Amino acid sequence: MDLALEQKRKSKTISFSLVRRRKRKVSLPALLAIAQPLTIIKRERMKIKNIIYLFIFLPFVTYSQEKSGYYINWDINHAETFVKPSIPISKEEAKIINCYFVEFDNKNRLISVKYFFSGKPSNYSNFGAFELIREYHSGYVTEKYKNTLGEFVENSSKAHERKYYLNSDGYWTRKENYNNGELLPEGIAFSQVTRNEKNEIATEIQFSSKGDTIPDVNGFKIVHFLYNKDGLTLHRQNKNGKGEIINGSNGYATVIFQFDQNGMFFEEQFLDENNKLFLHPRFDLAKINWREFNKYGKPSRIYYMNSIGYPHENRAFGIIKYRLNMTRESITYYDRYGERTVDGNGVAMSVYNYNSEGKYLGKTNFDIENNKVE
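Here the sequence shown stands for residues 1056 to 1429, numbered as in the numbering used here.
Rather than coming from a laboratory, the hints here were simulated on the basis of the structure.
You can take every hint at face value.
30 Å max Cα-Cα, derived DSSO-like pairs, lysine-lysine:
| no. | residue 1 | residue 2 |
| --- | --- | --- |
| 1 | K1230 | K1276 |
| 2 | K1353 | K1201 |
| 3 | K1201 | K1230 |
Note that the structure is a prediction, hence the values are computed from the model and not measured.
Required output: the full structure, derived from the provided sequences and hints.
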């Protein structure tokens, strides 16, 4: 046979064999094996389409509904770009642990914060009322306060209402405090802030109703802020008009902060204008460090350091105990050798007192022999 014809015949045979194999019947298990990954792919595509639909037509609905709930902290965003609660707890835990119920609307905006002490509504939150309510308007936001009876009351700053005026990006730059419809006659009547390119608060000045500047608790007239990536303050700083770091009225220029991911302090220190540790005139320490946090963000140890960063001469650390509702029960002081000691006022241990509604009644102090210190 001619060689070319023989090769052509073999080629036809191979081609026919391949066609036959393609048309061969496939068993049901094999079909299912092929169809299953295709079905998974279709399902994943449908999920993606549904997610896109939610983002386009129902923005933030699911997220905000999940965000509303019980928390230990109702807001840890110091940059004040949005409200960020932390340490969520269950409804069962909320019957015992002091907490806030934080509620957001379907645009992820805070609308209400309620405080519970040992599971019961309490007027003694960190804002000085049972409930904080925010309402949103064109160009400004209002904030009012209610007690456990549902009556509008003043907050811990003696204000019945706060009004936040917004910039073009929707972030507040002026905050006004009102009492019975008038700017607060005593204390901080309003605050002005500037914001950086991320719309974080960069500087703040506080004013009286007469327009006089009111320094912050550190004695800084114009406070300059710096934040970490989570919006937690790295420092508060005092500067002059030239942008130079200078000491405030208390003798220091910078307060350095360290926060954990839940917004809880774990370190604070005071620095002078030369960036050296400074012994705070009121607290008698230059640096303080909190350690051994529990699941609710409460530290069981606190360490005190002097102006050269060594353990404090009179008291090196304190051991803190808590009640079941996570109010601080007591603190006991120890020296650097682990022996009981006293602070500058002769106090070896303090017991923190609250009434049944959550009002803080002050401390009962004891000396080294467990006698009351008046």
